[in-house]
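K.L.:
Now for the letters of each chain:
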Amino acid sequence: MSNELIKQYITAHLPDAVFDETGEWLNVVVNSDSLKGLMAVLYGEPNYLNYLFCLTCVDYKTHLTMVYHLSASTNRNINIVIKTNLDRNDPFIDTVCDIWRTAEFLEREVFEMFGVTFLHHPDLRNLILEDETAIAVDDKKELVNEQKGYWPLRKDFEDPINMIKL
Amino acid sequence: MYNQTDIIKDTTDLGPDGELVVNMGPQHPATHGVLHLVVTLNGETIKKIEPHLGYIHRSIEKMCESLTYRQFIYVTSRMDYLSSHINNTACALLVEKGMQIEVPERAKVVRTILNELTRIASHELWIGAMAMDLGAFTPFFYAFREREMITDIMEDTCGARLTMNYIVPGGLMYDIHPEFQTKVKAFIKQFKEKVTEYEDLVTGNIIFQSRTKGVGVLTAADAISYGCSGPVARASGVSCDIRKIAPYDAYDRVEFDEVIETAGDSFARYIVRVKEMNQSIRIIEQLIDNIPEGEFVGKTKNVLKLNKGEFYQRVETARGELGVYIVSEGGTTPHRIKFRSPGFSNLSVLDHIAKNSKIGDLMATMGTLDLVIPDIDR
Amino acid sequence: MLSLESITKTTQDWLLAKFSPTMALTIECIIVILLCITLFAVLGLVLVLLERKVAARIQIRLGPNRVGPGGIFQTAADTLKLIMKEGLTPDTADKFLFNLAPFVVMMVAMLLLAPIAFAKNFQIWDINIGVLYISSVSSLSVIGILMAGWASNNKYSLLGAMRSGAQIVSYELSAGFAVLTIVVLTGSLQISEIVAAQQNGWWLFKGHIPVVIAFVLYIIAVTAETNRAPFDLAEAESELTAGFHTEYSGMKFALFFLAEYINIFIVCAIGATLFLGGWMPLHIGSWEAFNHIMDYIPSSIWFMGKTFFLIFVIMWFRWTFPRLRVDQLLNLEWKYLLPISLFNLLLVTVIAILGWYF
Chain A
1 MSNELIKQYI TAHLPDAVFD ETGEWLNVVV NSDSLKGLMA VLYGEPNYLN
51 YLFCLTCVDY KTHLTMVYHL SASTNRNINI VIKTNLDRND PFIDTVCDIW
101 RTAEFLEREV FEMFGVTFLH HPDLRNLILE DETAIAVDDK KELVNEQKGY
151 WPLRKDFEDP INMIKL
Chain B
1 MYNQTDIIKD TTDLGPDGEL VVNMGPQHPA THGVLHLVVT LNGETIKKIE
51 PHLGYIHRSI EKMCESLTYR QFIYVTSRMD YLSSHINNTA CALLVEKGMQ
101 IEVPERAKVV RTILNELTRI ASHELWIGAM AMDLGAFTPF FYAFREREMI
151 TDIMEDTCGA RLTMNYIVPG GLMYDIHPEF QTKVKAFIKQ FKEKVTEYED
201 LVTGNIIFQS RTKGVGVLTA ADAISYGCSG PVARASGVSC DIRKIAPYDA
251 YDRVEFDEVI ETAGDSFARY IVRVKEMNQS IRIIEQLIDN IPEGEFVGKT
301 KNVLKLNKGE FYQRVETARG ELGVYIVSEG GTTPHRIKFR SPGFSNLSVL
351 DHIAKNSKIG DLMATMGTLD LVIPDIDR
Chain C
1 MLSLESITKT TQDWLLAKFS PTMALTIECI IVILLCITLF AVLGLVLVLL
51 ERKVAARIQI RLGPNRVGPG GIFQTAADTL KLIMKEGLTP DTADKFLFNL
101 APFVVMMVAM LLLAPIAFAK NFQIWDINIG VLYISSVSSL SVIGILMAGW
151 ASNNKYSLLG AMRSGAQIVS YELSAGFAVL TIVVLTGSLQ ISEIVAAQQN
201 GWWLFKGHIP VVIAFVLYII AVTAETNRAP FDLAEAESEL TAGFHTEYSG
251 MKFALFFLAE YINIFIVCAI GATLFLGGWM PLHIGSWEAF NHIMDYIPSS
301 IWFMGKTFFL IFVIMWFRWT FPRLRVDQLL NLEWKYLLPI SLFNLLLVTV
351 IAILGWYF
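As you go down the protein sequences, you meet chains A, B and C in turn. Mapping of the first sequence onto this note's numbering: residues 1 to 166, in sequence order. Mapping of the second sequence onto this note's numbering: residues 1 to 378, in sequence order. Mapping of the third sequence onto this note's numbering: residues 1 to 358, in sequence order.
Rather than coming from a laboratory, the hints here were simulated on the basis of the structure.
With a Cα cut of at most 30 Å, we get these calculated BS3-like pairs of lysine-lysine:
1. C:Lys155 / B:Lys355
2. B:Lys244 / A:Lys83
3. A:Lys61 / A:Lys155
4. A:Lys7 / B:Lys97
5. A:Lys155 / B:Lys305
6. B:Lys213 / B:Lys358
7. A:Lys36 / B:Lys308
8. B:Lys305 / A:Lys61
9. B:Lys97 / A:Lys61
10. A:Lys36 / A:Lys155
11. C:Lys53 / B:Lys192
12. B:Lys308 / A:Lys7
13. A:Lys61 / B:Lys62
14. C:Lys155 / B:Lys358
15. A:Lys83 / B:Lys97
16. A:Lys155 / B:Lys97
17. C:Lys335 / B:Lys213
18. B:Lys47 / C:Lys335
19. B:Lys47 / C:Lys155
20. A:Lys83 / B:Lys62
21. C:Lys53 / B:Lys194
22. A:Lys36 / B:Lys62
23. A:Lys61 / B:Lys308
Same shape as in the complex, but just chain A (with noise of 0.2 Å):
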């Protein structure tokens, strides 16, 4: 499958799917609210990228993105990356851990690293800073954060004690 075939999919599923060609893969932006639709119809039948490889979260600055690269199981060299800009400042999307188990940690891992809330996700604690510093309460948008502004994965985090400014 070509990457017209998936992008005259995307556009028939999403109009407003904004494309870009320009690095090795294809790239996909849409908005934060239709992406969960979208990976559950890519993961279906027609198009079958099933596999999710990486995913993971880039800090601009100005917005979070979520970036999450999909491949087919069957053939791996078609690969797209979907991304979604997030508000900074309360950063939240829909899991996608009912369709990828893997995505159960991997999004455990944004959320410690980048604060940003999955809804609907079975577990949402830390997995590798400690445990008693977040707790989500799931299927509501809503956080108990103890570590507020301690994202260790965010441009503006400070630790003067353990990082070294080169």
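We have chain A; now place chains B and C onto it with these hints.
P.N.:
Chains B and C in isolation, oriented as in the chain A frame:
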């Protein structure tokens, strides 16, 4: 940082239905490092496994954001320390891709040989450690006999035995040792003679087979859903060898088979790794006599600056697919770097496949997932 | 000829001539106790060194080679280290049981020494129910292990102890049935009579296939009973760190360690006595000259040789096989070994009644 009373609460509390909650790790002989698993047991049967990570988290992704493109490669050797050459290769390839650096043929071939040697060394160590998890001590020493030859070759080549830092953007840091080819050939000869010894000791052993066959079965659909890669996914019948899918370095000019088993159990994962070692030997044999003469490093500027954009490079490490994702703003340091480590995804499957089995099975399953904790925590 | 038998006899005569019979008996008891303790210490050192050397040989390495010539003082140095170490008791442990457990395990091992015939007429206590005594006392060792596991107040210890309990209780059956085959053939429970019955050939050779089966079953069962690999689930270090002795340190740990080796020695000694003729030399039918040469080798050497051969076999197991899983372990006993033993015992009984053995 840790609240001590909470840790104690963790260890003494019973589970929701009065089950026994056991903390395996961070200091435990079978977790190969500082993996912390909170295991809920009902008698000997495992009800739930919950990994707690971060004991060796060094924030490599954050560190790399303040290191230049020449420096950050050295940090990556410390991620998956058993395949440091391959990690370095991934980063070097990515920088080369971002800057369109031409890599000399000699460097490509030597990189491929070193990557395959690293893979063999890693699998050798894995066979020993895995057998040790199952209570057999002897295969460890047999496996280390051959692994020692590889580490000697590595020491000759780049001076280090574990964290090599030999591969740089553009090629290699130094030329290979004059006796490199002789030593690799001697290793291949010895390996072919001796590999059967510990295969006899392990593969045919009836206790080993009964401990691993049908244990920790991972179906192909689950392997895809959990994002597994490398031998773990290939043992479940998922074709995912990056060396075949997107050949890098000299992989496009060598012949080798992608090893695929379909059983998906621990024994299949064992078989995949053993066969992979033989395939690696096959690759090395094709290349070792054909190392082209010439430069070992391409022409690069002193200060490396990646073009503005996003770059993703996949390589096949001994544990699976390592992805390096760089967001560059055009400066000398990456804006954001993400390592998609194979162990992280492979670990996430542990709860799913080890549930409702015995504690002994957990060791077999965990052993065959081949977890390297610094790779998971990063 | 100077033999252990003549030494004991001279000593006893001398004691009886000097002291009253009660006093003589008391002094003899003290001598026996001292000898037992010395034997324990020496056996511990020798067996640990032997194990390390055997392991090294199997694993293509050298083993201990720095302390003393060829490393023979390595275990002595290790013991010294263990004595110097602090014996920690966890805060939440049941202190009394925690400290008692190693001694219970040790005492059981010591009690088992009584009916073993080390050489011709050299035996502490030739009790007429010798075999019954051995099988009943050896089953007590599980109490010490359960005590240690429970009192440590550690989950790994508890799991290890429970595994060990299930394992020892199950495998005792097979070991018991294997021992019974010899009792059936001999018609006596007394150790000296069992040895005497093998004057013209060891039971392993005289008793046809059924005794060979019983011997194999015995070796498997006692390997399990002494918690040795491949049946070392009670202390499976990759699963339960160290099982029932996770919390022990210093000399208390050393006692467990020592008891393990003493137990190996004892079960191998019993195996040698029952199946390989104890101190009896190897006699082959009518080869008079050969039999005479064999008689020249002292009986104590015969006994020790056979015992150490069996110990070597058990060590060989440990360094070759991976560990079984707990359900496989119990399956092996209840679904395979026990039915085979029962049938085998029946077969041996038929052979014994019809007199089909040599």
